[in-house]
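Use the sequences and the hints to build the structure in full.
Line by line, the protein sequences are chains A and B.
Everything in the first sequence is counted per the working numbering, starting at 1 for the first residue and increasing by one.
Everything in the second sequence is counted per the working numbering, starting at 1 for the first residue and increasing by one.
Derived from the structure by calculation, the hints contain no laboratory data.
Some clues are possibly wrong.
Across the chosen pairs, the derived CB separations fall in these ranges [claimed, not checked]:
#1 V68(B) <-> R89(A): 23 to 33 Å
#2 I81(A) <-> E117(B): 36 to 46 Å
#3 I81(A) <-> A65(B): 14 to 24 Å
#4 N55(A) <-> I6(B): 18 to 28 Å
#5 N55(A) <-> A13(B): 24 to 34 Å
#6 L84(A) <-> V68(B): 14 to 24 Å
Which bits of chain A does chain B cover? Going by a derived footprint, with three or more residues having C-beta under 8 Å, they are [to be verified]:
#7 17–24
#8 43–55
We put the beta carbon where it would ideally sit given N, CA and C, even for glycine.
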Amino acid sequence: MDDLMLNQFLLLSAILFSVGVYGVLAKRNAVVVLMSIELILNAVNINLIAFGAHNGTIVGSVFALFVIAVAAAEVGVGLAIVLLIYRNRKSVDLDEVAQMRG
Amino acid sequence: MVAQNIFFYAIAAVMVFSAIRVVTCKNVVHAAMYLVLVLAGVAAQYILLASEFLAATQVLVYIGAIVVLVLFGVMLTRAKLGEDVNLTNDYWYVGAFTAVILFVLLATSLLDHYGDEPLDQANAETQLANNTEQVADALFSAYVVPFQAVSVLLLVALVGAIALARRD
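This is the structure in structure tokens:
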């Protein structure tokens, strides 16, 4: 117990990832779904940094930086799409956006 | 070492509680505030893992930009600012079931494979020295092509967001 374990970071990130998956599947508000996706991406980043620190390589940090950049792009385009849905339908309820249902 | 563990578990407890509040909160603005707590906790974990450059980036990009963007999204889509009981859909138990199964699978495989392998502190400490310098060196030597690709991606996202959101 007196040393940092690799596993405690990995388990924390597994919890965050699972909570994010629950949010993506269970929430109706599109903005909350975007927030849950941020949780998932952060869980992945903790994993990358933990393995990078464990193996003594900087590559984990570099990839985490790329993930952060992609997350910023994703949330920008995602919110633009949510805004467009709101403008056309006056609601961001994902249960009502069902035109593409087969 | 013990102090690191105390900080880890204190921050982890706050992060797990806040993450669960993000997905269970009935108020979208409160969910965004709890998201700030989670993201700040992630930055603190980066510092525990000796990646101070990433911690600074996390605070600047996530807390500084993405949460503000999300709050603008909440404002522009006029989500009800008070209690909004219909935030969870009718099939939430399927999501909860999937999340629990996923977590059990991940946890058992992690415990099975990594057991109680200690984090290699010696490696972490060599990384601590000049962390920012090392990130910059890697980014502008071995990973310069992906770095340029990310800049193009950000430009495309910018143009795409403007093209989607503007009224004509």
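Open item on the list: Quick check: does the Cβ-Cβ distance between V68(B) and R89(A) fall within 23 to 33 Å?
Closed with: holds, 25 Å
Task: 18 to 28 Å as the expected CB spacing between I6(B) and N55(A), which holds or is violated - done: holds, 25 Å
- [ ] Note whether the CB distance of I81(A) and E117(B) lies within 36 to 46 Å or breaks it.
- [x] holds, 42 Å
TODO: Three residues minimum, CB to CB under 8 Å: does the region 43–55 of chain A make the cut for coverage by chain B? Let me know.
DONE: Satisfied; 8 residues make the cut.
Task: Satisfaction of the hinted span 24 to 34 Å by the C-beta atoms belonging to N55(A) and A13(B) - done: holds, 27 Å
Open item on the list: Between the beta carbons of L84(A) and V68(B), is the distance compatible with 14 to 24 Å?
Closed with: holds, 20 Å
Open item on the list: Quick check: do three or more residues in the region 17–24 of chain A have a beta carbon closer than 8 Å to a beta carbon of chain B?
Closed with: holds (count 8)
- [ ] Just tell me: holds or violated, for the beta carbon distance of I81(A) and A65(B) against 14 to 24 Å?
- [x] At 18 Å between Cβs, range holds.
Violated hints for the displayed structure: none, as all numbered hints are satisfied.
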